[in-house]
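2 protein chains.
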Amino acid sequence: MFALTILGSNSAIPTYGRNPTAQILQTQNDSFLIDCGEGTQLQIAKYKIKLSKLSYIFISHLHGDHYFGLIGLISSMSLLNRTQPLHIFGPAILKDIIDIQLKAADVVLSYELNFYAIEKEGVLTTTSKISIEAFKVNHRIETFGFIFSEIKKPRSILSDKAIEQNIPAAFYEQLQNGEDYIDKNGKTISNESVTTAAPKGKKYVYCADTLFDTSIVEFIQDADLLYHETTYLKDQEEKAKNRFHSTTVQAGQIAKLSNAKQLIIGHYSSKYETTHDFLEETKEIFNNTVLAIEGCCYKI
Amino acid sequence: MFALTILGSNSAIPTYGRNPTAQILQTQNDSFLIDCGEGTQLQIAKYKIKLSKLSYIFISHLHGDHYFGLIGLISSMSLLNRTQPLHIFGPAILKDIIDIQLKAADVVLSYELNFYAIEKEGVLTTTSKISIEAFKVNHRIETFGFIFSEIKKPRSILSDKAIEQNIPAAFYEQLQNGEDYIDKNGKTISNESVTTAAPKGKKYVYCADTLFDTSIVEFIQDADLLYHETTYLKDQEEKAKNRFHSTTVQAGQIAKLSNAKQLIIGHYSSKYETTHDFLEETKEIFNNTVLAIEGCCYKI
Chain A
1 MFALTILGSN SAIPTYGRNP TAQILQTQND SFLIDCGEGT QLQIAKYKIK LSKLSYIFIS
61 HLHGDHYFGL IGLISSMSLL NRTQPLHIFG PAILKDIIDI QLKAADVVLS YELNFYAIEK
121 EGVLTTTSKI SIEAFKVNHR IETFGFIFSE IKKPRSILSD KAIEQNIPAA FYEQLQNGED
181 YIDKNGKTIS NESVTTAAPK GKKYVYCADT LFDTSIVEFI QDADLLYHET TYLKDQEEKA
241 KNRFHSTTVQ AGQIAKLSNA KQLIIGHYSS KYETTHDFLE ETKEIFNNTV LAIEGCCYKI
Chain B
1 MFALTILGSN SAIPTYGRNP TAQILQTQND SFLIDCGEGT QLQIAKYKIK LSKLSYIFIS
61 HLHGDHYFGL IGLISSMSLL NRTQPLHIFG PAILKDIIDI QLKAADVVLS YELNFYAIEK
121 EGVLTTTSKI SIEAFKVNHR IETFGFIFSE IKKPRSILSD KAIEQNIPAA FYEQLQNGED
181 YIDKNGKTIS NESVTTAAPK GKKYVYCADT LFDTSIVEFI QDADLLYHET TYLKDQEEKA
241 KNRFHSTTVQ AGQIAKLSNA KQLIIGHYSS KYETTHDFLE ETKEIFNNTV LAIEGCCYKI
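Chains A and B, in that order, are what the protein sequence lines are. For the first sequence, the numbering used here gives the first residue as 1, with consecutive numbering after it. For the second sequence, the numbering used here gives the first residue as 1, with consecutive numbering after it.
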């Protein structure tokens with residue numbers, strides 16, 4: 001199970017009490033920070049997120065509202081005497097941006113910082129329970145979205161039935177992996193008759209900043225929760241396109257086309273004082289939609 | 001006259017609702033931002049400081065709590081379609097830090113950004129009314145303090161007396177500059193007999209981050225308001241020294257030695273929940289002391 005907490009929901013300039021983009025995805029063992037706009041460390045403190053569980057940070061692209069808070073967070077973790085390693089995934093030049101600032105301050109971090117340049121689509125890393133994959137979205141500069149998937153668990157053995165069929169225990173691992181058993185007389189015992197499938201792993205998809213582009217749909221199928229930006233309301237479709245952003249209606253369409261279970265929208269333009277219309281408009285297309293609200297935690 | 005508004009008063013990590021260092025010094029025509037910790041743009045918005053009057057930013061040194069908010073502020077000014085030039089003074093490498101981030105975002109600012117590397121002590125710039133001077137303080141990395149002085153106004157001519165002494169109007173500008181007049185008979189008319197001194201210009205001194213170092217005293221004499229850091233209370237003198245910071249008592253001593261009219265203290269260590277003891281302890285040494293409190297405006 002995942003829990004997604006929104007730390008920042010605005011685009012570009014912080015306004016109306018809304019902060020630039022940052023989200024934290026928590027599992028029982030790990031936390032994954034997705035983007036890190038200015039002030040993210042303050043939001044983390046405000047919402048009492050434990051830094052000790054945060055070992056992975058993913059930066060989608062290098063527009064400031066998605067990463068200007070990173071260097072402050074990195075520095076504060078060191079001032080707080082963090083010892084466990086931190087893994088950061090982002091555009092290659094981000095490493096230079098971090099390094100020049102650490103050098104200017106003559107700082108040696110208290111912990112190991114491992115940087116991984118995101119250069120192409122595909123799996124970025126896997127923990128024992130989660131796999132994280134990058135996919136390209138369509139923005140003014142190179143930008144990646146991220147897919148967080150619980151790793152498929154092995155099938156459960158129905159032990160009564162396996163014993164009844166005289167399947168040796170040495171073959172149980174293969175049964176868990178879905179193989180059929182062939183006994184000494186050449187008879188096939190089908191896997192389905194002696195195992196049950198493990199519950200399907202959950203999937204969270206973060207589409208970052210993107211214009212409406214249905215080519216992403218094939219990569220993001222069947223998300224339990226899909227985050228898609230809605231920088232603008234539907235009457236600003238032209239502006240959204242010119243600025244490589246999306247509208248409410250477009251986010252709803254992507255959710256529908258990709259067969260998402262639920263849609264969460266955010267990255268509201270700084271000009272909107274309230275966000276209620278975003279919800280209304282998106283729900284017209286895709287009913288199971290929620291607003292990204294800072295401090296709120298969404299269970300997946 | 002100056003008005004100093006505190007935007008951030010904490011050191012290192014933002015805690016207890018206190019932000020990293022930033023101050024804004026306002027005159028009738030201009031605003032001068034002094035340091036720019038993370039979140040400064042939010043503080044500027046919160047306290048309704050007009051960005052249109054802000055044309056000068058001074059960065060004392062490159063520890064993150066003094067400048068991590070700069071790139072966000074620069075970017076937001078561009079998103080807000082600023083057109084007038086912005087002048088930034090700071091350590092040379094700060095230009096590279098700004099440039100690499102603008103390049104990564106593929107951003108061309110909407111306004112002219114002029115960067116001036118602070119490489120030595122002395123006058124950095126003068127406006128029509130203010131002169132800004134840098135002086136070295138003693139910190140772990142190269143750090144400058146700043147002196148903001150109202151430019152000395154010309155002397156006022158006592159016209160009755162000047163006429164009585166037959167001083168030609170063509171000589172009035174020299175009178176305003178303090179010269180004596182010698183008439184055609186060789187008689188000296190003393191300047192003091194026909195002019196009065198203009199009121200003395202105000203002086204604000206910002207000592208940035210520094211350990212207790214009396215060598216700065218000669219540069220900062222007679223401030224109307226002196227800002228000196230008090231990262232620690234007096235019982236932490238050893239720790240202050242090791243970390244190139246100062247205590248309450250030490251700030252009071254610098255104010256006394258430099259003949260300041262008033263002292264303002266700040267840059268409180270993140271570990272202190274309240275700041276009242278800072279005021280008590282400093283006042284024991286230098287009575288006319290005030291605490292730097294965010295959002296408060298101090299008239300000079």
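Check the hints yourself; a few may be wrong.
Pairs count within a copy or across copies, as identical chains cannot be separated in the list.
Unchecked claim - When the alpha-carbon atoms are kept at most 30 Å apart in a straight line, the in silico BS3-like pairs for lysine-lysine are as follows:
#1 239 with 48
#2 103 with 120
#3 241 with 261
#4 153 with 187
#5 234 with 256
#6 129 with 241
#7 103 with 239
#8 50 with 239
#9 153 with 271
#10 256 with 48
#11 48 with 271
#12 271 with 50
#13 129 with 256
#14 271 with 53
#15 239 with 46
#16 241 with 103
#17 200 with 153
#18 103 with 283
#19 103 with 271
Hints were generated in silico from the structure; no laboratory data involved.
Taking the hints in turn, this is what the structure says about them:
no.: 1; hint: 239 with 48; verdict: between (37 Å within a copy, 29 Å between copies)
no.: 2; hint: 103 with 120; verdict: both (29 Å within a copy, 21 Å between copies)
no.: 3; hint: 241 with 261; verdict: within (26 Å within a copy, 58 Å between copies)
no.: 4; hint: 153 with 187; verdict: within (27 Å within a copy, 106 Å between copies)
no.: 5; hint: 234 with 256; verdict: within (17 Å within a copy, 64 Å between copies)
no.: 6; hint: 129 with 241; verdict: neither (37 Å within a copy, 47 Å between copies)
no.: 7; hint: 103 with 239; verdict: between (40 Å within a copy, 24 Å between copies)
no.: 8; hint: 50 with 239; verdict: between (39 Å within a copy, 28 Å between copies)
no.: 9; hint: 153 with 271; verdict: neither (45 Å within a copy, 45 Å between copies)
no.: 10; hint: 256 with 48; verdict: neither (34 Å within a copy, 43 Å between copies)
no.: 11; hint: 48 with 271; verdict: both (29 Å within a copy, 17 Å between copies)
no.: 12; hint: 271 with 50; verdict: between (32 Å within a copy, 18 Å between copies)
no.: 13; hint: 129 with 256; verdict: within (28 Å within a copy, 62 Å between copies)
no.: 14; hint: 271 with 53; verdict: between (35 Å within a copy, 22 Å between copies)
no.: 15; hint: 239 with 46; verdict: between (34 Å within a copy, 29 Å between copies)
no.: 16; hint: 241 with 103; verdict: between (39 Å within a copy, 23 Å between copies)
no.: 17; hint: 200 with 153; verdict: within (8 Å within a copy, 79 Å between copies)
no.: 18; hint: 103 with 283; verdict: neither (48 Å within a copy, 38 Å between copies)
no.: 19; hint: 103 with 271; verdict: between (37 Å within a copy, 26 Å between copies)
The structure fails to meet hints 6, 9, 10, 18 from the earlier list, while all remaining hints are met.
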